[in-house]
Amino acid sequence: MTTIIPFGPQHPVLPEPIALKLEIDDDVIVGVLPSLGYVHRGLETFVNTKDYNQTTYICERICGICSALHGITYTRAVEKLFDVEIPERAQYIRVIVGELNRLHSHILWLGLFADGFGFESLFYECWKYREGVYDVLERITGNRVIHSISKVGGVTTDLTKEYIDITLKMLDTLEPQIQNIEKVFVNNYTVKKRLVGLATMSKQLAYEAGTAGPTLRGSGNAIDVRNTSDWDIYKDLGFKTCVEDGGDCYARTKVRINELYESIKLIRNAISKLPNGEIATPVKGTPTGEAIMRTEQPRGEVVYYVKGNGTRKLERLKIRTPTFANIPSLLLTLPGAKLADVPIIVLTIDPCISCTER
Amino acid sequence: MSLAKSPWIIHVNCNSCNGCDIELVACLTPLYDAERFGLLNIGTPKQADIMVVTGSVNYKNVNVLKNIYNQIPDPKVVLAVGACASTGGIFHDCYNVVGGADQIIPVDAYVPGCTPRPEAIIDGVVAALSILENKKKGNIRGKEVKLTGKEVPSNA
Amino acid sequence: MLENTIEATEIKSSEELLKAVEGLKNDGYRYSTMMCQKENEGHDLIYIFEKDNKLKNLRYFVKPGEKPKSVSGIYLCALLIENEYQDLFGLTFEGLAIDYKGHLYLTPNSPKAPLA
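Chains as they are written, first to last, in my numbering: chain L, 1 to 358; chain D, 1001 to 1156; chain X, 2001 to 2116.
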């Protein structure tokens, strides 16, 4: 005899509305049916009314957590349509702001995750540290959440000496703070008890289920778009993919913590190599053709498809966001788990519903 | 005695891009510390005094919004945070967007901005507190919201 | 005709599509996503697969009124994107693993097939 229990859309651990219909037998889940659509706005139709420059600001508002990387990916896709090479300094600034974005996103997630398993003080600790990253982003770009750093042809703001100094200073304070919270997430007995062995996905399963980002890398697959020829600059910065073999919630948490250190390293390297020169090239004309662009966001790989038809407006814009790829993995990991563990398992894919539904 | 000394808020995410949501949570964390006003984020509408809405309303979440509003006991105040919750914002002419929160439920205070800073959100909550006190004194009750039919999905 | 298009293998029939997708799965490809757009009254589908960070694309044209076959039997993760296009373009995929019947995002009251 099974019972159906609705989880969401309004649920204390979820800041965003997603509904899962959980079919349970006693306390064990036997079936899952996700129900989406609470955040669906229909952004992809905007390209028919706005020109390709204005669409940048729409793409930044797909998600308020990875907003800078959405804008960067969109502008890179349009630049691929135009076949323009942007100045090297602009590429470095994009990497720096993009990695700052990843830093704040991962710390935010660690906090929400701690809240999810009832570790309130750890949640507050994480969010306190996150404010340092936000201060820097606000100084550089002028807004805490929507950064608008990228435009077609380059970046909007230059990184002056003053901004570089505050960024480096912030990284120096942030690193020991991350070590502080890492100790708790990695070593604490209670945390380990909740996470180790929970919702394990084998290497093969995670690969075939089409997952992305830390969910994929937590299962031992060393796949990261930053490693590919799609974005050459990361190779010069000495990027190393963070992989864990466990495949459980604990491994996914460790991947994200290691990525924090990796991001700090990347920002430092990018600042030390920051070339002089222009920050944007003028882009004129109308885009034609199709292009696919991939970027690694905090939650995983995002795929942008743009198609221009020779007018100022694009004909089609399609975005495959990382959470969209990760939700099917819930169908595989949730059955067999206990009802009380559902919030933690849902949180470990770092769900971003506004990305998923656009 | 005074309700305004410890208002509990319930956060309803309608169609938000996460920007306003995380700023609202940031209000409650150590740097901005809205708890010094007695503010507490609570999971159930039955215990809440202030309803904070982020994001515009779409055809699917209109029922969620209405149900939560109707469950909050009187006196209650609705605060719309961000451009989307106030007017529909940048998304106002998307095909799946009905509009701002005030298209469905009565809104008492608006916080503009995309996204509003945490200081602005706290300011909005403090403004809502005096409205809450007035409503309590005047014994003003919120009417039960019913959908007119245009926005009701037939399978609801 | 557009210039500067992405490289894609043209697929003629839905049987050939399922065969090609199955072949890709055996070769160790991962399902990435699928693009869909209106073209010549029908719909143009581009399936995107990934292996070792290389993309492989299949292009399949859906004639007006045709019901394309779902690949969710081969790759389970295809079900969300196929359901999305059922909502947005009014397509019908045959043999979906979980069929939301055009109500993944939209309710009966929302606009029907807004991108079609």
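Hints were generated in silico from the structure; no laboratory data involved.
Every value quoted in this text rests on a predicted model; they were computed, and no experiment measured them.
Be a bit skeptical, because a hint or two may be false.
One side only, chain D facing chain L, incomplete, derived with CB under 7 angstroms [unchecked claim]:
(1) 1008
(2) 1013
(3) 1019
(4) 1021
(5) 1029
(6) 1037
(7) 1061
(8) 1064
(9) 1087
(10) 1090
(11) 1094
(12) 1097
(13) 1115
Cβ atoms here follow ideal geometry from the backbone N, Cα and C, with glycine treated the same way.
We went through each hint and held it up to the structure:
Hint status for residue 1008 of chain D: violated, given a least beta-carbon distance of 13 angstroms to chain L, over 7 angstroms. About 5 angstroms separates the beta-carbon of residue 1013 of chain D from the nearest beta-carbon of chain L, less than 7 angstroms, and the hint is met. The beta carbon of residue 1019 of chain D is positioned within 7 angstroms of a beta carbon in chain L (closest approach about 3 angstroms), and the interface hint is therefore held. With a least beta-carbon distance of about 5 angstroms to chain L, the hint placing residue 1021 of chain D at the interface is held under the 7 angstroms criterion.
The interface hint given for residue 1029 of chain D is met, as the beta carbon of that residue sits about 4 angstroms from the closest beta carbon of chain L, less than 7 angstroms. With 7 angstroms as the threshold, the beta carbon of residue 1037 of chain D stays out of range of chain L, its nearest partner Cβ sitting at about 17 angstroms, so the hint is violated. The interface hint given for residue 1061 of chain D is met, as the beta carbon of that residue sits about 5 angstroms from the closest beta carbon of chain L, less than 7 angstroms. With a least beta-carbon distance of about 6 angstroms to chain L, the hint placing residue 1064 of chain D at the interface is held under the 7 angstroms criterion.
The criterion of a C-beta within 7 angstroms of any C-beta in chain L is not met by residue 1087 of chain D, whose closest approach is roughly 14 angstroms, and the hint is violated. A distance limit of 7 angstroms between C-beta atoms decides the matter here; for residue 1090 of chain D the minimum to chain L is near 6 angstroms, and the interface restraint holds. For the restraint placing residue 1094 of chain D at the interface with chain L, the shortest Cβ-Cβ distance is roughly 4 angstroms, inside the 7 angstroms limit, so the hint holds. Satisfaction of the interface hint for residue 1097 of chain D is found here, the shortest Cβ-Cβ separation to chain L being roughly 6 angstroms, below the 7 angstroms cut-off.
For residue 1115 of chain D, the interface hint holds, the least distance from its beta-carbon to any beta-carbon of chain L being 4 angstroms, beneath 7 angstroms.
Checked against the numbered hints given earlier, the structure breaks hints 1, 6 and 9 and satisfies all the rest.
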